[in-house]
Amino acid sequence: MAPRSTTEHRTRPRGRAQLAEGLGWLTVAAGVVWAIVQPDRLTLLHPFHQGFWWLVIEPPLLVMLVGAIFVFTVARPLVADQEERDGAAS
Amino acid sequence: MEPQAEMVHWLFAGGLLFLGLVLLCEVLVDEETWRKRAWRVYLWPGVAFGMGVLMWPVMTFFTNSAIHMLAHGSWAQALMIAGGAELGLARGKLHSRWWKLAIPIGLVVSGLAFLLHEQNPWFFARSAFLHHLNGWTLVIGSIFPFGLVWRPNSVVLRTGFALMFVALAVMLFCDRDVAPIFGHLSPLAGVPHR
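Protein sequences, first through last, are from chains A and B. Per this note's numbering, the first sequence runs over residues 1 to 90. Per this note's numbering, the second sequence runs over residues 1001 to 1194.
Since the hints were made in silico from the structure, they are not lab data. Only a predicted model underlies this, so the values are computations on that prediction, with no experimental measurement involved. For glycine and all other residues, C-beta sits at the position ideal for the given N, C-alpha and C. Please note: incorrect hints may appear among the correct ones.
Label-pair restraints from in silico Cβ distances [unchecked claim]: (1) B:Pro-1192 to A:Leu-19: 19 to 29 Å; (2) B:Arg-1097 to A:Pro-39: 47 to 57 Å; (3) B:Val-1156 to A:Leu-44: 39 to 49 Å; (4) B:Trp-1136 to A:Trp-54: 13 to 23 Å; (5) B:Leu-1054 to A:Trp-25: 19 to 29 Å; (6) B:Val-1156 to A:Gln-18: 34 to 44 Å; (7) B:Thr-1060 to A:Gly-51: 13 to 23 Å.
Straight-line Cα separation of at most 16 Å, EDC-like style, residue types lysine to aspartate or glutamate; simulated pairs [as the list claims (entries may be wrong)]: (8) B:Lys-1036 to A:Glu-84; (9) B:Lys-1036 to A:Asp-40; (10) B:Lys-1036 to A:Glu-83; (11) B:Lys-1036 to A:Asp-81.
These stretches of chain A come out as covered by chain B in the derived footprint (C-beta under 8 Å, 3 or more residues) [to be verified]: (12) 23-34; (13) 43-53; (14) 60-71; (15) 74-81.
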């Protein structure tokens, strides 16, 4: 088996970190698709005469929110750390 | 003005989805990068412990029978013990690998609590179906963290463990207080609302 190049060694971990960020965006996309498929789960689309909790807790929005929180608090800093490590190694 | 039980399930589904994503992320990147920031090491055990703490108000305000109260109380304890043991391991205060058993034991306790406190058959209503499904997912899924005690670096086991949380989140998001499951809804279950 041919040895892997140094470049390949450096880019693969970064690619995996970016894949982790992709998981977050995929989660956001799943929430968007759910909202389109089942619009009745979104109380915001018909907000009149609804109680407080029905307006606050809406499952498709929760899924989007979790995905977004994951991207901006976990995945993005992780990609930055990976790039920093790659930069130090090169 | 309390939220309905199904809404509490959706909120916990959000927490479980976040846990699953964090665990999947940990599998994807190398350990050195993951441990570069101290807070990341405490992230999943901290979220698990926090969900255990939040389970207590659920037990206090949302249970309408002794068996429901016992089930939710046992989840609260199991999550707190598992999260606490993992926090101790992450901090370096605990060293023995046997502390890792807190997670599979916690999952089995949680799964059995689901199965034992659901008195109705699978197709009684959607919530009954999901109670059975959640229970068996937890009991069978405990194989993953159980295996991780001996093979902590196994990608298959770590991925399976993470995906179990994602699957549990999907099930909880599907939960409704009264709704049919595959066209079945017992007249004893009540009238479905929106």
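Review point. When the hints from earlier in the document are held up against this structure, which numbers fail?
Key: Of the numbered hints, 1, 4, 6 and 9 do not hold.
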